[in-house]
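There are 2 protein chains.
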Amino acid sequence: MMQPIYVPVDSLKEHCRQILRKASLPLEEAEAVADNLVDANLTGVDSHGVTRLADYLTRLENGVINNKTNLTVIRERETTALYDANNGWGQYAGKIAMEKAIEKAKKYGSAFVGVNNSNHFGTAAYFARMAAQADCLGIVQTNASPLMVAWGSKKPTLGTNPIAVSVPTHRHPVTLDMATSNVARGKINLAVKNKAAIPEGWAITVDGEPTTDAEEALKGFLLPFGAKGSGLAMMIDIMSGVMTNALFGEDVPRMYDDPAPQQLGHLFIVFDISSFMDVQQFKDRMDQRVKQTVESPAAPGYDRVYMPGEIEQLKRERCAAEGVPLSRAIYEELQRLGKKYGVETEDFAISLT
Amino acid sequence: MMQPIYVPVDSLKEHCRQILRKASLPLEEAEAVADNLVDANLTGVDSHGVTRLADYLTRLENGVINNKTNLTVIRERETTALYDANNGWGQYAGKIAMEKAIEKAKKYGSAFVGVNNSNHFGTAAYFARMAAQADCLGIVQTNASPLMVAWGSKKPTLGTNPIAVSVPTHRHPVTLDMATSNVARGKINLAVKNKAAIPEGWAITVDGEPTTDAEEALKGFLLPFGAKGSGLAMMIDIMSGVMTNALFGEDVPRMYDDPAPQQLGHLFIVFDISSFMDVQQFKDRMDQRVKQTVESPAAPGYDRVYMPGEIEQLKRERCAAEGVPLSRAIYEELQRLGKKYGVETEDFAISLT
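Chains as they are written, first to last, in my numbering: chain A, -10 to 342; chain B, -10 to 342.
Hints listed in this document are in silico derivations from the structure and should not be mistaken for laboratory results. Just so you know, nobody snuck in bad clues.
Now the in silico label distances, taken between C-beta atoms and shown as ranges: (1) B:Gly290 x A:Gly331: 53 to 63 Å; (2) B:Glu239 x A:Gln324: 46 to 56 Å; (3) B:Gly290 x A:Ile300: 33 to 43 Å.
Okay, the calculated bits of chain A under chain B, using three or more residues with CB under 8 Å as the criterion: (4) 146 to 158; (5) 231 to 240; (6) 256 to 267.
C-beta: ideal position from N, C-alpha, C; glycine also.
Using the sequences provided together with the hints, build the complete structure.
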């Protein structure tokens, strides 16, 4: 991006929170959404960051999503719970669901908590890290709008269904968060903006033909990360959508094109690591696993070897020190939203500009 | 392969079982290993099939693996158990661990069962299907010998660590089983035999350079299935190796080169689907998910769209009707082993030749 504007983490969260409060979200829901959005920016996943706020508010204004998430428990057992998010906020439903999963895993060793009738919940990593911060293993999956084809198909019946896995270490959690598409749709958007071609393998046209034309690709569909990415996306749709009684596959409305509740499903799997060994011992062993990895010699063309999520963690540390880098366009959009909803933090970045 | 020899499923199992019995395995362990090996052949995964029997027996003769798996429970809670396989048979330890996980999940909703100090356990799909056959979701992972580099590394600190996921349907389970390498090492072996080149992206030389020379590749290391495959392999090593107190990463001995106990770790995750919805309803929904997939139009160059594991299932049905196709070399090896161990089933395929 061009010269970014750096915004202190807390100011950015506060600004988003205030807007969401004015937009009639209950306090803890506004906090959950703001924290989740800013967290994505902190780790460099700008596509899931504060840029989404405007989209969310449009859906709220249009009555497509509810301002309040009236979570209800549909079925519950010792180590499982299924929530209906009542077309509320995925970020809030996800937080409550993960907290419930951690509580159950601490008590019995493991837990599976599902959510249906939900909306976009932000990054899966956000919730998986919550488990790691509680000395648990966290595995988080969600289904999504059908923007991707299955391997060998030309009709989209899959989302870019991501999975995140996180474990604790003596320092920060080690976290993998991956979509099952070859690349994020955002990269194709960017190529359109830059009038650049895209490599083969990213997308197909609406007729199912391979394309390197970014405009055609954007009208068409994403390709999965090979046959393996397709298989994973399918199993994630089954686990987080079919199994939770959410919509799944081609029936999920598209977030931007279809003004309809998404009725997404999420799945939160937690394992209490102390069930197998003392957590200190696990963290010592993780030190070894990290050491083996980052000290292994880099292949030609690479600077060094990274653990999953390490680059995101480095960005997080940098943002804490320097502020969150936002493009001027996003910054101004947030200012406009602030003005529109009448919040008093519209110059929220001023301290650093 | 050249004209294969077709062996009835039960005869092949019986032959392997008898050899393993003569090699001093207890009855139920011989059964578990034979069933698991033949099951791999049934689904076309010949690399994990009866071809392994000779390797296993060599390790047994050399005292590298124990004839009897004295499974002991190290830690246990309501929904978790960690087993020490005492350097016994991964196939047997895996079966017992999965049965325990299913039992616990049925009682409490979910379960995590780990195994350490184990050996090669066959295909992960074998165990994941056990869960599906009990109307549960099964997720199975294992670590393996370090034959693969992490993304950007030239030193192997990862196995081709596979993950399998299986769910029930009204017919057979839907099962994904994928290694995290770009291709199986067996494909490079085959290229060496055929004196063929391999595509770039399969492997690197022992010095970390990309190669299309199959001989160089075989001396070198496998490449992961992209950065995502590498990340998954790392998290699988952490979940099935670090977390279970098994060996992990570069410390796992190689199955063929190192005559040492592998001390592998496996992880079995089970969720009782009825915790979220009635199983009949889940299976109805799976019918829809399968229908959406297999009825979606094929992309140019593809015959049709398959569910994960569908091709393997078709092979399984064909083998049941026609017998298991074995190459003459493998068939003769099994005959030799039969003679060596003094079993009476050496003409086990005669009925079909």
